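Trainee: When you get a sec, could you build the whole thing from the sequences and use the hints?
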Amino acid sequence: MSTDLKKLSQTLAGWIPPEDDVAKAQALAERLGLPFDDLSNFRVDPELLRHIPVDVMLRYQFVPLHREGEVVVVAMADPSDVLMVDEVELALGSPVEVRVAPKNRIAEILEKSESTQRVLDEATEDFRIQLVQETDNGEEALSIDRIAADTSPIIKLVDTIIYNAIQRRASDIHIETRDHGVIVKYRIDGVLYEALEPIDRRHHATIISRIKVMSELDIAEKRIPQDGRFKLRIKGRTVDFRVSIMPTVFGEDAVIRILDKESANQEFRNLNLDVLGFDAETKRKLRKFIREPYGMVLVTGPTGSGKTTTLYACLSEIVSTEDKIITIEDPVEYILPGVTQIPVNEKKGLTFARGLRSILRHDPDKIMVGEIRDEETAQIAVQSALTGHLVFTTVHANNVVDVLGRFLNMNVDLYNFVSALNCVLAQRLVRKICPHCKRPAEVSPELLEESGLTPEMVRGVTFYEGAGCLECNGTGFLGRTAISELLDLSDNIRALILDRRPAAEIKKAAKAEGMKFLRESALERVFAGVTTLREINKVTFVE
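All you need for the numbering used here is the position in the sequence shown, starting with 1, plus 4.
Be careful, since some hints might not be right.
Unchecked claim - Keeping only pairs whose Cα atoms sit at most 27 Å apart, straight-line, the calculated DSS-like set for lysine-lysine is: (1) Lys287 to Lys511; (2) Lys515 to Lys289; (3) Lys328 to Lys292; (4) Lys512 to Lys542; (5) Lys515 to Lys287; (6) Lys226 to Lys352; (7) Lys292 to Lys520.
What the hints assert, rightly or not - Listed next, with one range per pair, are the computed distances between beta-carbon atoms: (8) Asn274 to Thr344: 18 to 24 Å; (9) Asn274 to Arg498: 31 to 37 Å; (10) Arg361 to His400: 21 to 27 Å; (11) Glu453 to Val253: 37 to 43 Å; (12) Arg71 to Pro341: 39 to 45 Å; (13) Lys512 to Asn413: 50 to 56 Å; (14) Thr252 to Glu326: 35 to 41 Å; (15) His70 to Pro347: 32 to 38 Å; (16) Asn274 to Met250: 35 to 41 Å; (17) Leu36 to Ala111: 16 to 22 Å.
If you're looking for bench data, these hints aren't it; they were derived computationally from the structure. Just so we're clear, the structure is a prediction, and the values are computed from it rather than from any experiment. All C-beta atoms in this analysis are idealised placements derived from N, C-alpha and C, irrespective of residue type, glycine included.
Mentor: Given below as structure tokens:
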């Protein structure tokens, strides 16, 4: 097909290639004598965006850049339409200064902008805090009439909070009750952000009741904690939610954990160790251990450090039709093709220990145990690793050496445990600097000292930070990556453990064998411009 014919067919299809769109906008800017802005460095001005009706921006296809005194600087695809520019000035109630920008980029920004936040704000308009007399604490008797009267706005509010959380990649929704209001927060990349304006305290009981109804919990019981779960179908995929309700001084708080099994994240469609961000040496060693015929691969770290995701990545790499792989988890977080996955059900008596015993009767080659919490599970897991199965599991400990103490406290025979163990991987998650607004940063002497570094140690190193943009919701961070330390159970290390040598001596021997500790792994990420010093100081100790 000739170039002209190709362009014609694309135009007829209503699609303009991005590079053509930029060239077209540049030519128009030149012809009209106006400045051109490709919007590659577009930063959201939340205050300005909040005062411009979203329908006006959509109707006239423009984005506000910033305000200069009384004048609002806007980017448009076609400012040659003078009447349209006049209408925009009229709608904004301010004079405008126009710049020309590519049509595709404007459409993309409008789509990604605060449209979901606007929807949320509209849903909460009637629930903003209002000044009330001190005697009126907003506590109301919950009758059927009261719920019926509030049903539609409350349902709309709760649904919108959940929908918006998924849009913003949140892992948890926190609904906290305070003296005068209800605060809603999202945990995004491991950090809590307030999701919207505080809601009036008098709506607290109905919001919690709505969540309880969705989770099939007792709405009359307000004095003891309750746990439940529910599922929603959103954009053609099923999302699971785990709910925990807890009584507090001012009323009940709720935390909703979002388990997006059919995760929209494209990288996780092909989950493997490359996606998680481990360094090349750790990946090489770990790949060797997960291909061993039997033994135990142990991943450790605090809650929310990505342990389960690492185990899923390991299983994804070794899954084959020749092996039977069975997992027992609480709950099943991702669906893995070709793997038999069993959810723990404590109410019905299906615990980790009981499930693990049944799994062994199903002739598995490889087993994944979501978490070792008790003595019985620990002993069965170690026994399975010794009898020809490859066992993947997690345990809560701060580093690779603390794991040994955890198992000894669970009365596991030390010799059996050391014989079964192939390797221990400790990991943490750190937020990555947003690539869209990444820029060099100055680091203060105080922060260097706090991080255990000297100016000589960082000479020639460029530090980076995120300025905050549309892609990262103004946080400067987008996504997370894993930092890790991997203990290889060599004969020397096994001997030291069996002799019950101090942790410091085991660490020293591991260091001599080339082990890289968590802090070193974290500093490497900072020097590579992946994350910041403040971020690694939150998850690792200065040694």
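Trainee: Hint by hint, note whether the structure agrees.
Mentor: Going through the hints against the structure:
1. Lys287 to Lys511: 21 Å, holds
2. Lys515 to Lys289: Status holds; Cα separation ~15 Å.
3. Lys328 to Lys292: 19 Å, holds
4. Lys512 to Lys542: 25 Å, holds
5. Lys515 to Lys287: 18 Å, holds
6. Lys226 to Lys352: 25 Å, holds
7. Lys292 to Lys520: Distance of about 17 Å is within 27 Å: holds.
8. Asn274 to Thr344: 18 to 24 Å: Since the Cβ atoms of Asn274 and Thr344 sit about 21 Å apart, the hinted range of 18 to 24 Å holds.
9. Asn274 to Arg498: 31 to 37 Å: The hint (31 to 37 Å, Cβ to Cβ) holds, given that Asn274 and Arg498 are roughly 36 Å apart.
10. Arg361 to His400: 21 to 27 Å: Hint holds: Cβ distance 23 Å, inside 21 to 27 Å.
11. Glu453 to Val253: 37 to 43 Å: 39 Å Cβ-Cβ, so the 37 to 43 Å window holds.
12. Arg71 to Pro341: 39 to 45 Å: Between Arg71 and Pro341, where Cβ atoms are some 52 Å apart, the hint is violated.
13. Lys512 to Asn413: 50 to 56 Å: 24 Å, violated
14. Thr252 to Glu326: 35 to 41 Å: At 53 Å between Cβs, range violated.
15. His70 to Pro347: 32 to 38 Å: 51 Å, violated
16. Asn274 to Met250: 35 to 41 Å: 38 Å, holds
17. Leu36 to Ala111: 16 to 22 Å: Distance hint for Leu36, Ala111 holds at roughly 20 Å.
Checked against the numbered hints above, the structure violates hints 12, 13, 14 and 15; every other hint is satisfied.
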